[in-house]
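Chains as they are written, first to last, in full-length UniProt numbering: chain A, 1 to 206; chain B, 1 to 230; chain C, 1 to 230; chain D, 1 to 260.
By construction, these hints were calculated from the structure, which means they are not laboratory data.
Only a predicted model underlies this, so the values are computations on that prediction, with no experimental measurement involved.
Positions of the beta carbon are idealized from the N, C-alpha and C atoms, including for glycine.
Any given hint could be a false lead.
On the chain C side, residues computed to face chain B include the following (Cβ under 10 angstroms) [said to hold, decoys possible]:
{"id": "1", "residue": "Arg13"}
{"id": "2", "residue": "Arg16"}
{"id": "3", "residue": "Ser39"}
{"id": "4", "residue": "Gly41"}
{"id": "5", "residue": "Thr45"}
{"id": "6", "residue": "Leu170"}
{"id": "7", "residue": "Asp171"}
{"id": "8", "residue": "Thr172"}
{"id": "9", "residue": "Ala212"}
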Amino acid sequence: MHIVDGALSVPVLATGAVLGLIGVAIGLKKMDYDHLPQVGVLSAAFFIASYIHLPLGFSSVHLILNGLIGLALGWAAFPALLVALLLQAVFFGFGGFLVLGVNVVNIALPGLLVYYLCRHGIATSSPKGAAIWGAIGGAGSILLTTIMVAGSLALSGEAFILAAKATLVAHIPVMVVEGFVTAAAVLLIRKVKPEFLNISEDWEDA
Amino acid sequence: MTVLIETRGLSYRYPRRGEVLNEIDFKLEAGDRVALTGSNGAGKTTLLHLLVGLKKAKAGEIHAFGAQRREEKEFVEVRARAGFLFQDPDDQLFCPTVLEDVAFGPLNLGKARDEAMQLAHQALVSVGLEGFEERVTHQLSGGEKRMVTLASVLAMEPEVLLLDEPSNALDTKARWRLINILQELPQAMIIISHDDDFLDHLANRWVRLEDAKLFEDRRMIVPELRAVTV
Amino acid sequence: MTVLIETRGLSYRYPRRGEVLNEIDFKLEAGDRVALTGSNGAGKTTLLHLLVGLKKAKAGEIHAFGAQRREEKEFVEVRARAGFLFQDPDDQLFCPTVLEDVAFGPLNLGKARDEAMQLAHQALVSVGLEGFEERVTHQLSGGEKRMVTLASVLAMEPEVLLLDEPSNALDTKARWRLINILQELPQAMIIISHDDDFLDHLANRWVRLEDAKLFEDRRMIVPELRAVTV
Amino acid sequence: MSQNFEHSGTSWKGQRLKHDESMVDRLDPRVRIIVVSIFALAVVLSHDFYVLLLGLVSAVATAVIAQLNFKRTLRRVIAMDMFMIFLILMLPFTTPGEALFSIAGLPASKEGLLHALMIALKANAVVFALLALIGTMSAATLGHAMAHLRVPDKLVHLLLFTVRYLDVIGQEYKRMRRAMQARAFVMTVSKHTWRSVGYLIGMLLVHSLERSERIMDAMKCRGYKGQFYLMDDMVLQRQDYLFMMLSVPFFLLLIGLNFI
Ligand SMILES: Nc1ncnc2c1ncn2[C@@H]1O[C@H](COP(=O)(O)OP(=O)(O)OP(=O)(O)O)[C@@H](O)[C@H]1O
Ligand SMILES: Nc1ncnc2c1ncn2[C@@H]1O[C@H](COP(=O)(O)OP(=O)(O)OP(=O)(O)O)[C@@H](O)[C@H]1O
Ligand SMILES: [Mg+2]
Ligand SMILES: [Mg+2]
Chain A
1 MHIVDGALSV
11 PVLATGAVLG
21 LIGVAIGLKK
31 MDYDHLPQVG
41 VLSAAFFIAS
51 YIHLPLGFSS
61 VHLILNGLIG
71 LALGWAAFPA
81 LLVALLLQAV
91 FFGFGGFLVL
101 GVNVVNIALP
111 GLLVYYLCRH
121 GIATSSPKGA
131 AIWGAIGGAG
141 SILLTTIMVA
151 GSLALSGEAF
161 ILAAKATLVA
171 HIPVMVVEGF
181 VTAAAVLLIR
191 KVKPEFLNIS
201 EDWEDA
Chain B
1 MTVLIETRGL
11 SYRYPRRGEV
21 LNEIDFKLEA
31 GDRVALTGSN
41 GAGKTTLLHL
51 LVGLKKAKAG
61 EIHAFGAQRR
71 EEKEFVEVRA
81 RAGFLFQDPD
91 DQLFCPTVLE
101 DVAFGPLNLG
111 KARDEAMQLA
121 HQALVSVGLE
131 GFEERVTHQL
141 SGGEKRMVTL
151 ASVLAMEPEV
161 LLLDEPSNAL
171 DTKARWRLIN
181 ILQELPQAMI
191 IISHDDDFLD
201 HLANRWVRLE
211 DAKLFEDRRM
221 IVPELRAVTV
Chain C
1 MTVLIETRGL
11 SYRYPRRGEV
21 LNEIDFKLEA
31 GDRVALTGSN
41 GAGKTTLLHL
51 LVGLKKAKAG
61 EIHAFGAQRR
71 EEKEFVEVRA
81 RAGFLFQDPD
91 DQLFCPTVLE
101 DVAFGPLNLG
111 KARDEAMQLA
121 HQALVSVGLE
131 GFEERVTHQL
141 SGGEKRMVTL
151 ASVLAMEPEV
161 LLLDEPSNAL
171 DTKARWRLIN
181 ILQELPQAMI
191 IISHDDDFLD
201 HLANRWVRLE
211 DAKLFEDRRM
221 IVPELRAVTV
Chain D
1 MSQNFEHSGT
11 SWKGQRLKHD
21 ESMVDRLDPR
31 VRIIVVSIFA
41 LAVVLSHDFY
51 VLLLGLVSAV
61 ATAVIAQLNF
71 KRTLRRVIAM
81 DMFMIFLILM
91 LPFTTPGEAL
101 FSIAGLPASK
111 EGLLHALMIA
121 LKANAVVFAL
131 LALIGTMSAA
141 TLGHAMAHLR
151 VPDKLVHLLL
161 FTVRYLDVIG
171 QEYKRMRRAM
181 QARAFVMTVS
191 KHTWRSVGYL
201 IGMLLVHSLE
211 RSERIMDAMK
221 CRGYKGQFYL
231 MDDMVLQRQD
241 YLFMMLSVPF
251 FLLLIGLNFI
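Excised from the complex, chain A in its bound form:
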């Protein structure tokens, strides 16, 4: 869901850049130097994981995992995703340069919202409840991202409105897959390393 350069109007680009900057600035501020290796290594792990392609009918989807990123990193998701998107744009020609701000906001903001909405849910005592909250986080972040991508397009031109609607429909299966995958990942992490899901809360205090 990387928008390329040239598709969006100037006001949308500018808004994205400003919001992106704010998010990254807050993220950097919340992350002190001692957490750098942690965020960096996790960011690398997400980079690798987001290349996993899952078959879906005749085609395949690659995971975005922004729900899980949000849950794991909180505000630090902004700088982490900026780095990932920059690397993709610059070395793989994926996405664009001036749209980086919009792309970062479209992917990181839903992750952040999921972090605030679901982090208590995934820490509940019942594994089933946690899985459901994980699924909500995974699917919800994709839903939000899709809406924001469609919104960025629709705001950039009337002609995109139909396409924006199509985008929404086309991503329903992706939401299902992401929901499932995120729920499973949350279940595993809860069991194997429960400290993990509290990390971001520590930063809040710090």
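Assemble the complex: chain A is given as a structure, and chains B, C and D with the ligands must be docked to it using the hints.
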């Protein structure tokens, strides 16, 4: 004798690395327990990976279970029938609990959930890990991890076992238990190990990788550090 | 003899795990080259971590370089004077280029940039890696990575070396180079290794961790699998 | 196509190792970043076809000079997200205006077609310029250059850490993925697949987190006190001034053409 796996002229090279395997001819027959030795980096792991199609050979043929295997799709069946134990248990354990991990293989083979759980349970019993079902894989000791991975391979009821340094990271007691378990198993095996004593208890045939070639003999490094070919 | 590091009644346990170290008394004196052995999971790495304060002991005392060390602040000095080589070089090489990585320690010790560069360069020369300054760390081979980590420890001019399985993942040539370099170094060392031959070339004292206790002797597993204490 | 992506993601070294040295490599990284930024601005903000064509041609020319691997670059340029391609293809049919032709009864408008063409030109011009001028540096160099351009320190070091560990974690992922394959795992459309992939990702994160703890320990052992250092100096050379002198009139031309 039934030939289970056979290679002809198998070669492999890594980019920016010399030849790792050079025209390897090898046969694994029913009842064989082959010790595969060679120094670090000799290409032992690579050879096993080629046999089950995890890496693609640069030249040569692989025949397994009665058919030539070339493509990914053909190797899927090979992997279902040849159980592969990896060098590092941490790479192999990715489910949260022991039971789920052991049941992963049978589920991949299309077994129903109940049956898979049943098989997993049996496999755990057979390696002496009854009662470990709900334990968290990541928190097991090295020896326990190794046994769980063995169980997860056995749960697939393979016809051949490919064991990559199975006695690594085991203390003396666990090592003996492993020897006993492996001795009782009827399958043909290829066992990679640097532990000659371990191999002495298990192997009935020795092969050795050196300079990218495979030799059908046994070279033993005796304590005085002289190399003798037996 | 100057005692460099000493522990008294040092104990440690992990959550969800039994005792790993139980009342360990240990002394490292100038000129000592201690081989620290023990099976996997015996607690060797944990012991070294305790010595430099990366983990906090549950009980017992640590004296290092003439003072008792209890708090994080006190251990900062210990870490500056005891160079720690980690088990996995990838954990230790976190800077993008070799020169930056090797100069990281001296810069943290408050050296000026030029002096740090100078020290880094010398350290690289001393491990035979002259000309590697601008290489990107993640593109080095396993042996080169190990040598760079050694250089980055030596650049801090430590008085004691703590080496955690330094010969892991080295091929024969690199392993010999490492042995030669270590033999020339004047520092007292603790060397963890499973490679007895490697230790034979370096150690002048052997200790062994078993069942959470430290023994001042050497147990060698001879090929016949009998355990003898030398 | 998906296979290629998975590959490029997990074997990160790709571009740099097989890259042939070229004139572009001798230019100062900071200059390259600034030039690309101005170029992207000039192209994206323009609505003039001559500007866009000139932009694309010059970007491709730079790519040739930079000796980009032709096949790999083309594959990457073509491989924009499927859904972007879909969007661009739909534009002619969703934009009202003078009908040019119609497919299956749907009229395609001239305005829509031009709009689609414009997006394609802009996107490709920027991508070529990015790959040629920045994609040819090592990621470490990119980080250093960003630091010299006053990008916040923490962000730069985050980038450097990410790049440093992409490979290590990529290898770990590959080993786990192989171990799954060895147990006859085949990805299908099923809950079993999704659950297993979720576990795989979760385990990868747990391993990564534990690695980051070990890295932090290693940093402490070397006296880390909350500060990183970048060692290299970047000094502008003759060829950098030359390149800038060539770029300025070119940008003036690009921008000026809009007003003719
Ligand atoms: N992905 C890779 N890229 C490049 N070289 C590789 C790769 N994997 C392995 N090698 C090299 O190929 C050679 C053979 O490796 P392999 O793992 O098969 O050795 P091995 O005999 O199993 O060694 P060990 O006893 O240490 O497990 C080694 O020199 C290794 O460094
Ligand atoms: N973070 C941790 N949480 C729980 N248990 C741990 C942790 N780290 C280590 N252990 C356990 O503590 C024991 C001692 O570990 P340690 O790493 O010190 O062993 P070691 O002697 O260095 O082994 P090796 O030779 O394999 O490196 C092991 O059983 C290990 O599984
Ligand atoms: Mg091997
Ligand atoms: Mg250890």
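Hint-by-hint comparison with the structure:
no.: 1; hint: Arg13; result: violated (14 angstroms)
no.: 2; hint: Arg16; result: holds (6 angstroms)
no.: 3; hint: Ser39; result: holds (4 angstroms)
no.: 4; hint: Gly41; result: holds (5 angstroms)
no.: 5; hint: Thr45; result: violated (12 angstroms)
no.: 6; hint: Leu170; result: holds (8 angstroms)
no.: 7; hint: Asp171; result: holds (6 angstroms)
no.: 8; hint: Thr172; result: holds (7 angstroms)
no.: 9; hint: Ala212; result: violated (13 angstroms)
The structure fails to meet hints 1, 5, 9 from the earlier list, while all remaining hints are met.
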